[in-house]
Amino acid sequence: MSLSNILEDWSKYRKTREDGGFHDYEHMWGMAIDLNKCIGCNACSVACYAENNLAVVGREKFSKGQGMHWMRIERYWDEPDLGEGRVSEFNQHGANFLPMNCQQCNAATCEPVCPVAATYHTPDGLNAQVYNRCIGSRYCSNNCPYRLRFFNFYSYYEDSWPAPLEMQLNPDLSVRDKGVMEKCTFCVQRIRTAKDKAKMENRQVQDGEAMTACAQTCPTSAIVFGDLLKHFNPDADVVETQVTNMWRTHQVELGRSSQNKQNPELRGYRVFEGLNTDPCIMFLERVREV
Amino acid sequence: MTKDINEDIKWAKINEDVLRSMENPRKGYWMAIAGCLLLLSFAIGAEIYQYNVGMGPSNLNWPHMWDLYIATFIFWIGMSHSGTLLSAILHIIHADWRKPIYRFAEAMTTFTLMTAGLFPIIHIGRLWNMYWVLPYFSDRGIWPNFRSPLVWDAFAIATYLTSSALFLFMGSIPDLAICRDTATGWRKKLYTVLSLGWRGDDRQWRHFRKAYLIMACFLIPLAVSVHSIVSSDFAVSIMPGWHVTTFPPYFVAGALYSGCAAIITLFIMLRYFFRFEDYMTIPILEKTAKLTFAIAMVWTYLNIIEFSSIWYGHDPISKELLLAKFYGPYAPYFWAMIFLGSVLPFTLAVEKLRRNIPVMMVVSLFLNLGMWLERWMIVTPTLSMAYSPAAHDVMWPSWVQWFIVFGSFGWFGLLFLIFVKIIPSVSMYEVKEMIFHRRHMAKKDIAEVMHRRTTDKKTPATESPGLEGA
Amino acid sequence: MSNKVNRRDFLKIMGWGGVGATLAGCDLPTTVTLEEGKEQITSYLVPEEFVIPGVGVYYASTCQQCPAGCGVHGRVREGRVLKLEGNPESAINKGKLCQMGQSGVQTHYNPDRITRPMVRKGGGLTAVSWDEALSLIEGKTGPASGLKGERFAWVTDTVSGHQATLLDAHLESLGSSNHFVHEIINNSVSQAVNQDMLGEPAPHLALDKARVILSFGADFLGTWQSPVHNSVMYAEFRNAPRGVLIQVEPKMTLTGANADLWVAVRPGTEGVFALAIANALATSDPARLDGLPDRLQQLIRGYNIEKASKITGASGEHFVKIAAWLNERSPSLVLAGASAEGHEHGYDTVAATMLLNVILGNIGETIESSGVFPFPQLTARTGGSKDLLDFAKALDGQQLDVVFFRGANPVFTAPDALDLKGKLDKVGFKVAFSMFEDETTLMADVVLPMHSPLEDWGTHVVAHQPRQSLIAIQQPLMQPLYEQTRGFGDSLLTMLKMQKAAGYSDYQDYYAYLRDAFSALPDNIKAGASDIDFWANTMQKGTLDVDTGAGATIAVNLVDFDLPDNAKQDGSYYLIPSARLGLWDGRHANIPWLQEAPDQISKVVWDSWAEMHPSTAGKLGVKTGDTIKITSTTGSIEANVYVFKGIHPDAIAVPMGQGHESYGRYAEGRGVNPLKILALNTDRKTGELAHHSTRVQVSKTGVTLPMVRFQGHDTQLGRKLIATVTADVFERTEGDA
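Protein chains in written order, with this note's numbering: chain A, 9 to 298; chain B, -13 to 456; chain C, 420 to 1156.
Don't read these hints as lab results, they were simulated from the structure.
As the structure is a prediction and not an experimental result, all values here were calculated from the model.
Every residue, glycine too, gets a C-beta built ideally from N, C-alpha and C.
It is possible that some hints are incorrect.
From the structure, some residues in chain B lie toward chain C, with a derived Cβ separation under 10 Å [what the hints assert, rightly or not]:
1. P43
2. D187
3. G299
4. I303
5. I343
6. P344
7. Y373
8. S374
9. P383
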């Protein structure tokens, strides 16, 4: 701890405030989720359990709402309006499935409210959660409009992995203890591995090299993951990615609370964009005949 | 109009009455202590359990990350407002009827803050790391996040607690000197230290009054800011039902409201148990009741503003939440809060009722229940149904939360019970002051005289009522 | 990789994992070289050469969570397999995996694995050594026992590849032909129709080529045939030009939930629906029926839309709309699944849907020939519930003395009316090759602990092949967790050796057998590689392409069929034992991840529930969360109600999978098993259990138990979380762009 450190911290802090977020991004990881293809099968959710050491809480605790599911499939039974107050007898157009994981907002509402700065924005454009720093005030979860933050209400590790189930735990990330908040990290350990490898080989991270568990397993490839930085900053020193291309095609831009599309019929949108959280996940609207 | 206080009370009797209240605790006192300890021990048991196991047994869940702990925290913080804030305001505007009742009210402030401060600690998941919210120098160079309202809370509450305690202590110094003069044994030593060598000479009085006035002026904005900051825990968020611009004044009004009600409760209890009928008189009770009624109406008005701005506003989700408060699973508690907070105070408008001690006792308790419900209704329904429909959920707190909430009353009671035996719960010197002024200057404009006395340095303080009794 | 299990080596490897380190550290601080018999302290800093600390290595294998045979890559770090990922080289799943595949690691690491051989002694199962268990088996079944012939039987789930070959050899050595293949989630009726009409049981269904898919209860995204393969094709189907999916079924399946148009029909009337569509197609273009026998033409003409609408309960406009889609867009594909098959006239219903395919000209277009697999001894032995009924019949006639179980759990899946438990009791000697103490295993006299699929060798030739047929390779991803478990192939070899069957004594283990079998493969498959290279390459790739002459023309042979009007209304409901992607037929009820993964439709976790239409619920006066009692002629079950509009009012659906009496800590005593109260109706033509035809009475119990669900609110409440655009817009913006 030195005075220069403090001053440096302070100037960085000031800069962050003025610019409204990190501008020295190295990457900006993002997603595009095509609801035309998503079938709501849950593969992403279970893959997430497998990759990220998510605790199985059991029936009792799940019934109390203390479950963990960083990636969850919300299912809604919304029927198109038939007019004149008529209701259809059946769900003729099936269900509305919505895979929701942390939206990795660039203007994340969880970040400013954390008293100890345990959640912050990384130069990778990730909304990171530092388990060791977290004191468990749970304000971040309260302030997340998507409700995508999950709290360790118990030391779940004590009975979630009876031997030898614990051998499956991924050593690349920690098993969380009671009292800390956790959430989707965009499989930061995989990003880390990909970046390290690229750095060792003295090259850029290629598209598809860093891949979240959910995107990787999605049977219909509805989830596309990649680096969005090129979309955000065309001069950035990163590769062109499929996800950037999708955002561009659908004329969805970061840093906006409402999109100004040349073609308003394009399907891309972000959930609760109007709250100006600036999420890094773009959804493509569900499509139905009729 | 009946007089606020009997102007013929002998000063010796004042000393005698007040000092008597501090001695020879009766059986009832010990039973009260035992009751408080019992409540507290349940809470400590629950907290130990929660500490060992995690936050799970409290029934907190996703999305109900906050519940009774935070609601009760605001409740206690709110209650703390009346004591010091009212005392300071009334001091500045020279409303001398505050004098018999301000001491215990200030004590209440200090102790409610000490109670409230426990809740954030109880509620966080890793309470052993609580100190991380404070900006201390560390080798890691990590600071708290100054953008977070929870950090503001930590500052605000710590400041308020320190200043209120100081204000309480400062105001008690002349009385502590009286205690010193009569006490024996270890109490003598204690009061000798506490009274800081108070002799009651002219210089001391002059400095004392100045310091006291400065403290009062400092405390008024501080107290208002404290509850505004607490309200920003909610107002700063983007959640419907929390993101409300009127929250700071609304919280301050609610705070004063519950504090006044608590003053009435304690007023009646002290009057009854310590036979303070001569000091805590019905007219003073009436004044407090009128004040409470006025604040209740302000609170009601702010409620109406909040509801109507949502109703006529442009945010469908806030509106949905408002309707859910009206009709949803928490509706019985919401309507109970409206009844207790906005309808019940009309009993205070009726002279016959507000002069009736038992009625006032019951009403004041219910008003505080209403205020507690208000805090719960701020915290919980928003969490129950905000933006994400998939996260809509209804949660009822478990015994762990209830034990800790009730235990906090035990803790507060315990502190207060200890207080009444250590520090005079009625300010002796100020009651004498009041009587003196009433007796001698009844016909003059008291405020004017007092004003002159405190501001005009040249006028010698020839009549120093404090000395006489001591 | 040798198949010899050495606990010490295993622990040494384990030691590298953080958790393993504790385990090894407490247990055995030193390592012992068995050769020398003396202890040596070996530092963990010297790992096995194939272990690179901190680096995950991927090995290819095949998922065994369902019979689809998806290729997996197991991520192995410090000797532990950590995660399964789809093998991009596999033509079946193309790098994708479903939730059941993902949780293969929890089957492997399951805390309730059987770790020791067990033998029934005085009523209970007692742990014994392999030698003791094997000598017992040898005494009862070996040449010395004197038993021979049809007194022996194997009961398995789908089995294929070299395990099937060895199993056949074992049966042959015993002189028996009793191999009962039991899968409660099956396609047996469709396979029979395919065989009869197309000449092959499992043609390749090109979902990706279709522009319209009309599916009669075929949950191809969930539990039908090869879900991940189908999903991969489905993604292609949904790309521009976007195909239309119409799902006709009484209970909304996962596929139904993704349909453009979901049509609820009265259970068992799918065939009528199909004929009415044919009728509508013929009305607009009479040439459609050219070449059909008069009898079928008449049958089709007999079902006009009005009549069909009355029988099926579906609105007339749906028929018109569907026929219009089929007219406008081709090729199309008509599928039939469980709800169509599961009635007494299941065969006829499926035949009607296939007839629709014929009329639409889909045969050879979207229904492609899979060709002939060149190694018939390796092909999948598939089965359904007829084998279960046959097995029960054989038990009834006291025809069996010795039964071997592997994979299937008939005691759990058999309806109570079959009294399989009572019948099995009378069988003299039962051997279970099992990983878990499931209901069937607990009835066995000898229980042999098996390797998990991630520890075992195997080859798999799945019944539902992709366009490019393949042999899927299963290789161990790590050393076995337990000293005492053995591979299924190894066990079969042991059994064969026990029978002194000629030609097997040379194989030290199943691995040696497989190596030999691979060496013996014809050169066109090996493509000129040396045996070692070929083996290494195949292991690395995880699959072996086999030329089957797929895509040959299919000769259609129209079969005659007849459909009942099925209009009897007696106030009872059809019980639908629905299959869910997750717990499957109950075999995954012991996987915590899958128990905690919400059901896709109802979002219930850790429990059973009964789905019900709001009008039915209104009639009964129940709401979501209330408990109802469902009574059939053979028993009753109780479950919480989930009320939604995705089920026909005549049907009550209770998912399969829960209701285990024993199957480890995660499965036991949880929910109910709807299969238990099924009536023993069978399909008229194939003899398969008509599992969707049971009629039940439903009554309110007055109890409301907490229902553990994930979803808070069932609609979006007007928020724009998901918006739907029409296909026109999609075509405008993304079509052919």
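(request) Sort out which numbered hints this structure fails and list those numbers smallest first. (result) Per hint list: 1, 2, 3, 5, 6, 9 violated.
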